[in-house]
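**Student:** Turn these sequences into a full structure, and let the hints steer you where they fit.
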Amino acid sequence: MNVSKSAPELSVEIAGIRMKNPVLTASGTFGYGEEMAQIYDLSQLGALTVKGLSLRPQTGNRPPRICETPAGMLNSIGLQNIGVEAFVRDKLPFLRRIDTRVLANIYGHSAEEYAAVAGILDGADGVDGIELNISCPNVKKGGMAFGTDRAETGRVVRLARKATGLPLIVKLSPNVTDITEIARAAEGEGADALSLINTLLGMAVDIDRKKPRLSRGVGGLSGPAIRPVALRMVYQVSRVTELPVIGMGGIVCAEDAIAFLLVGASAVSVGTANFVDPLCPLEMITGIEAYLKEHGHTRVQELVGALEMEQV
Amino acid sequence: MNVSKSAPELSVEIAGIRMKNPVLTASGTFGYGEEMAQIYDLSQLGALTVKGLSLRPQTGNRPPRICETPAGMLNSIGLQNIGVEAFVRDKLPFLRRIDTRVLANIYGHSAEEYAAVAGILDGADGVDGIELNISCPNVKKGGMAFGTDRAETGRVVRLARKATGLPLIVKLSPNVTDITEIARAAEGEGADALSLINTLLGMAVDIDRKKPRLSRGVGGLSGPAIRPVALRMVYQVSRVTELPVIGMGGIVCAEDAIAFLLVGASAVSVGTANFVDPLCPLEMITGIEAYLKEHGHTRVQELVGALEMEQV
Amino acid sequence: MSFFPIRQVTARVTGNDPVGEATFRLILSATDFPPTAAPGQFVMLRTSAGADPMLRRAFSLHDRQEGSLEILYKVVGRGTAWMAQRRTGDAIDLIGPLGQGFAIAPTLRTALLVAGGMGIAPFRFLIRSLRAAGVDMLLFYGARTERDLLELAEMEAAGVSLLLATEDGSRGERGRITELFQQHFRKVEPSEAFKIFACGPHEMLYEVGRIARGQAIACEVSLESHMACGLGTCMGCVIATEDGYQRVCREGPVFSAQRLLLDEISLAQD
Amino acid sequence: MSFFPIRQVTARVTGNDPVGEATFRLILSATDFPPTAAPGQFVMLRTSAGADPMLRRAFSLHDRQEGSLEILYKVVGRGTAWMAQRRTGDAIDLIGPLGQGFAIAPTLRTALLVAGGMGIAPFRFLIRSLRAAGVDMLLFYGARTERDLLELAEMEAAGVSLLLATEDGSRGERGRITELFQQHFRKVEPSEAFKIFACGPHEMLYEVGRIARGQAIACEVSLESHMACGLGTCMGCVIATEDGYQRVCREGPVFSAQRLLLDEISLAQD
Ligand SMILES: Cc1cc2nc3c(=O)[nH]c(=O)nc-3n(C[C@H](O)[C@H](O)[C@H](O)COP(=O)(O)OP(=O)(O)OC[C@H]3O[C@@H](n4cnc5c(N)ncnc54)[C@H](O)[C@@H]3O)c2cc1C
Ligand SMILES: Cc1cc2nc3c(=O)[nH]c(=O)nc-3n(C[C@H](O)[C@H](O)[C@H](O)COP(=O)(O)OP(=O)(O)OC[C@H]3O[C@@H](n4cnc5c(N)ncnc54)[C@H](O)[C@@H]3O)c2cc1C
Ligand SMILES: Cc1cc2nc3c(=O)[nH]c(=O)nc-3n(C[C@H](O)[C@H](O)[C@H](O)COP(=O)(O)O)c2cc1C
Ligand SMILES: Cc1cc2nc3c(=O)[nH]c(=O)nc-3n(C[C@H](O)[C@H](O)[C@H](O)COP(=O)(O)O)c2cc1C
Ligand code: FES
Ligand code: FES
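Listed in order, the protein sequences are those of chains A, B, C and D. Start counting the first sequence at 1; every next residue gets the next number (this note's numbering). Start counting the second sequence at 1001; every next residue gets the next number (this note's numbering). Start counting the third sequence at 2001; every next residue gets the next number (this note's numbering). Start counting the fourth sequence at 3001; every next residue gets the next number (this note's numbering).
Among the hints, erroneous ones may be present.
[Said to hold, decoys possible] A short, non-exhaustive set of chain B residues, derived as facing chain A with CB atoms under 10 Å: (1) Gly1217; (2) Val1240; (3) Ile1258; (4) Leu1282.
Hints listed in this document are in silico derivations from the structure and should not be mistaken for laboratory results. In this text, a Cβ means the ideal position worked out from N, Cα and C, and glycines have one as well.
**Tutor:** Spelled out as C-alpha cells, the structure:
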C-alpha cells in the first residue's frame, strides 16, 4: 500500500460542471439550502441540489407525509414547492452567494412542462445544472410514470434538451425491471449525466387504525435500507453508459460514498442522511481524502469503477 | 372496540391447503425443518416451506455467500440443495411425522425442468403444495429470469400445472416495473396462489479490498429493510387477483404479520427473522390471536384486505 | 423567523431520573449548545447507535441553563426507551435549538397556561421567562392521574397559580382540563396584556384554540408532528394553516391558534 | 452430528470486564442453557435492540459452568462494541449450544493446542475437559503483543505447558506462532494417542493443517465464517471440504484438517 504525501485531488467534472469534491446533497433533503446554511458553510460541498421545482407552486400531499421504517423512511411529500419562478426570484440570490454548484431538480406533469421549467431556468444566473426528476413516486401524474417507461423517458429528455443549454442530469427510478434500458434511453436523447436512485415505492400500515401510515397510502423509501439496491443499480448502469453517474441511496458515511465510487459513480449525493446527521457530507469529504491517501491514490477519479470483480 | 370472549379462528385455507394458522416459514430460511425442530415443535406452524429443490443436487455459489446490510442481509447461496430425489428419500419421512403443512419450493433451469421437479413431487407423500420459485436472483440461468417476464412466467406455470395435481403457488420477484402484470400471467396459467416477495437484487462492497462482499457480486436483499416494498407489492397484487396471496418480506413480529394481512395477504411467511429470532413465528401466532380478540374479530380471515384507504 | 445558529452537539448525560410514570428528566451538559435558545424551541436527539431506529426524536427544551439543558420525556416507543437507558457520562447527539418558540410581548401582564399530560414539558422554561418579565401566571394542568402531574411544587414556588384536573379524579377536578379551562375562561376579559399558551394533545389544543379564537384572544399552541429533519428541509411535518401547509419544525412548533385551520389540526399528528 | 436441544435463552450479565486490549470476558447467568454444551461449540448473540445491526454474532463458549457461561471477545465492530457496553444485570438474548465441538477420543494422551490471537477463546473449556480426561497439554500461543496473551497464569495452573510467541517480541519468541510450532513439531512422533487442536486466523489454521496432514496426524481446527443463522438453515457459512461445501455452523465450526480443502480455506472468512 502506497502512502502518498501530497493532498489528493478531490475535484470532479460531471456533465461539464466542475465541482470541488464529489460529495453532493440530494434533492428534497436540503430545501433550498437556507436552513442548512445555519448549520455549516455550504461552500464546502461539491454541489447541492434543490427541492424539486415545478412550473407552478404545489401544495403537496396531505399529512401525514413521512414515517419511519427499519433503517429508512417513507415520504410522500408530493413535491410541495414554491414554483420555479419564485425560486429564481426568492431563492437563487441567496444560493448565488455560496461558492458551490447548484443543481435545480425539476419535474412536470407532462414532457412539455418539464421543458417549460427547464427553459425558465436556462437563463437563470446561479443554476449550474438541471436534474430531471422522472422518478418521483409521490405525484399522481408526472414523476415516476415517465421514468419507468423507455419511450416516455426519451421524450422528456428530448424536449428538455431542446429547452436548455444547461447541463442535463436525468434522475432514474429504481422501480423498474431493467434500469439500464431507461439509462440508455436518456443517454440516447442527449442527457449529460445520470443520477440514481430515487426512492423505492413502499408502504407502511398502522394496524391499530387499520390505515396506511401515509395519507396517500404509498410513498418513497429512502435511507440505508435501500443502499444495497442503489449500489447494484449504479453498478449496472455505469457499465452500460458513457455518461457520468451520480450515485445515491442510503449513503451515510465515507465508506458508503467510496463504495458507490468504486462501482462506477463519478460523484455521490447525500439524501436522508442529511436529516439524521447534517454534518455527514463534510465527514465524507474528509473520509474520502483519507482513504485516497491511505490507498496511494492521487485523484478521486482513480476510484471510479475501480471495483475488482471475480468472473461470475 | 369489541372484546370477543371465545378464541378466534386462526385457520386459513390457501390454494385448497388448510393450515392451522396463517404463519408460515419461508423457503431458504428453514432448511428442511430438521434443525429448527431442535428448537421448537414445528407442528405449531401453519406450514413450512423447504429450501429450493432442483432436479439434480446443486453445489451453490462460492463463499462468501452472505453479508449484513442495514436492517437486512444479502445472500447469494445459489440454491445449494440436495436435489428433489434425495429430498423425497431422505427428508420427507422426517417432515411427514410433523403435523403441519409442507410446501416444496422448486426451481429449474428451464420451464421443462420446473415441470420435471413438480412431476416428481406430485406423487410424493407428505408434500402439500408446490411453490414455484421464478424469482431467485442468485442463479445465472433460471430463477429471476423467468419471474421478470410475463411470457416466461406463463410458460413455467403452464408446464408445471400440467405436471402436477398438487396446489401450485407461484413466488413472484420484486425486481420488476409492474408486479401485477406477472401476477396476472401466473393466474392466467392456473396458479392456485401467489407468494411474494422474493429478495431484491442488491450489492455490497468491501472498500478495503475493492471487491464485492459476495463472491458473485450481487445477491438478494431480505429482512426488515425490504418490508415497505413487500407490503406495497402485496397490496398491489391482492387488488388485481382473485388468488390468495402469501405475503412475506421483512416480517419479524405480529404487528408486521397483521399489516400484511390487512393489505390483502391471506397468510404470511417468515424468512430472515428465523435467523435473528427463531421463536418469532410462535410469538406471531399468539400476537395475531391477541389482536383479533382486542379488535373484536372472530376469524383471522376478517383481517384480510381490511385496510381502509382514503381516496387517493 | 429566527436565523440564529443551529448546532449539532455531543452532550453528556449528567442526570436521567424518573419523575413519574415512565417519565424521566434528562439533564445534559452541552457547553457548545447555542445560548440563544428560547422557550418553546426544541431539539432533535439521536436515539440509537445504528440505523434502526433511524430518525431523530423531537423534544421541547424543558429548561436551559448556562452550559446545560433539560428534557422531560415519557417512554412511548423505542427511541424514548433507548433514552431511558442512558446513564451519567453517556454521550447523546443532539441538534438545536430548533423552531419558533413562544412570543412574549412587552405588553404582556397575565399569561394563562394550559398543559395536558406531557404538554407540561416546555413550560418550565416558559415560566422562568415569563417570571423574569414580571408576568402573572395561571396554569391549567390536566393529566390522566395524580402521578402524571409533574413538578407542581416547583411551579408553585415560581409563583404560578395552579388549577388541576385528572381524568380519574385522583387530584384536582375530575375530568379533562379543557372543561376546567372553559369554566374559568368565561370570567376573563380580553386584553392586550393577556395571552394564552397551550401545549398538549392536539384535541386539547383544538378546544383551547377554538375558545380563544371565539373571543379574539391571543393564543399560542405548541404542536407535534412526525418529523424527519426538524430543520425545515424535508417538508414532512407540515400542518394546514391559513397560509397553506406550514412546517411544524420551522414556522412552528408554536403557532398562533388564529392562523391554524383547526379542523385539520389532527392530521399532522396521525 | 449432535441432535441435542438448542435453546434461545435470555441470559443475565453477571460480569463483563476488560482482560486485555479491547478484549473482555463476559459472564452470563443462564440457568436454562442446555447442560450438554461441549468445548468448541458456540453461541449466537443478539447485539442490538433494533434491526441494525440485525444478524446475531457467533462466539465460542469460553467456558461453561452450572447455570452460567463465559465468552471471551474482542471489540472489532458494532456488535462487539454493543457487547462491551453491557453492564451487570442487563439481558442478552442468545442461542446455543451450536455446532460440533472438539472430539476427545478415549485413546488420547497428549494434546497439542495451537492458538492465535482470539483463537484462545474456546481453549479454556477444552483444557478443562482434556484435563478431566487426563490428557497432557502443550499450548502454542501466539499474539501480536504481550498484552494480547490472555489467561496465561490460569492455563499454567491447569497444567498446560506453554510455548509463546509475539509478533513484536514483547513476550516469548518473536514472530508468528506457526514458526514456533513448526520448529517443535518436527520432534513429535505421530501416534493414536496424539492430536492437534487449533484455533485462530485462517492462515494459521492453514499452516497447522498442512503440517499435520503431511504427517498424517489427527488435527482439528476451529473455523470462522460469516453466519446468518448459526443453525444450519441458511447455507450461508459454507466452507469447501472433500465432501463438498459444508456448513461451518453445523458440520463445524470444528473440522478435521484432513477433510478441508485447505487451498480454499480462506474463502469463507473475509
Ligand atoms: C416539537 C416536538 C416537541 C416534543 N416535545 C416532547 C417532550 O418534551 N417530551 C416528550 O416526552 N415528548 C415530546 N415530543 C414527542 C416525542 O417526539 C415522541 O414521544 C417521540 O418521538 C417518540 O419516539 P419513540 O421512538 O419513543 O416512539 P415511536 O412511537 O416508536 O416512534 C416512531 C416514530 O414516530 C415518531 N413519533 C412518535 N410519537 C410522536 C409524537 N408524539 N410527536 C412526533 N413524533 C412522534 C417518532 O419520532 C418516530 O419517528 C415532542 C414532539 C415534537 C414534534
Ligand atoms: C464459530 C465462531 C466462533 C467465534 N468465537 C469468537 C470468540 O470466542 N471471541 C471473539 O472475539 N470472536 C469470535 N468469533 C468472531 C466474532 O463472531 C466476530 O468478531 C463478530 O461477529 C464481530 O461482530 P462485530 O459486529 O463486532 O463486527 P463487524 O465487522 O461490524 O461485523 C459485521 C458482520 O460480519 C460478521 N463478522 C465479522 N467478523 C467476523 C468473524 N471473524 N467471524 C464471523 N463473522 C464475522 C459479523 O457477525 C457481522 O455479521 C467467532 C466467530 C465464529 C464464526
Ligand atoms: C423527504 C424526501 C423528499 C425528496 N424529494 C425529492 C425531490 O423533490 N426530487 C427528487 O428528485 N428526489 C427527491 N427525493 C429523493 C432523494 O433525492 C434521493 O434520491 C433518495 O432519497 C435516495 O437517497 P437517500 O437514501 O440518500 O435519501 C426525496 C427524498 C426524501 C427522503
Ligand atoms: C438465505 C436465504 C435463502 C433463500 N433461499 C430461497 C429459496 O431457496 N427459494 C426461494 O423461493 N426463496 C428463497 N429465499 C427468499 C425468502 O424465502 C423470502 O422470500 C425473502 O427472504 C423475503 O423474506 P424475508 O425478508 O422475511 O427474509 C431465501 C432467502 C434467504 C435470506
Ligand atoms: S421535519 Fe423536516 S421540514 Fe419539518
Ligand atoms: S450460518 Fe446459516 S447455515 Fe451456517
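**Student:** Looking at the structure, which of the earlier hints fail to hold?
**Tutor:** The structure breaks hints 2 and 4; every other hint is satisfied.
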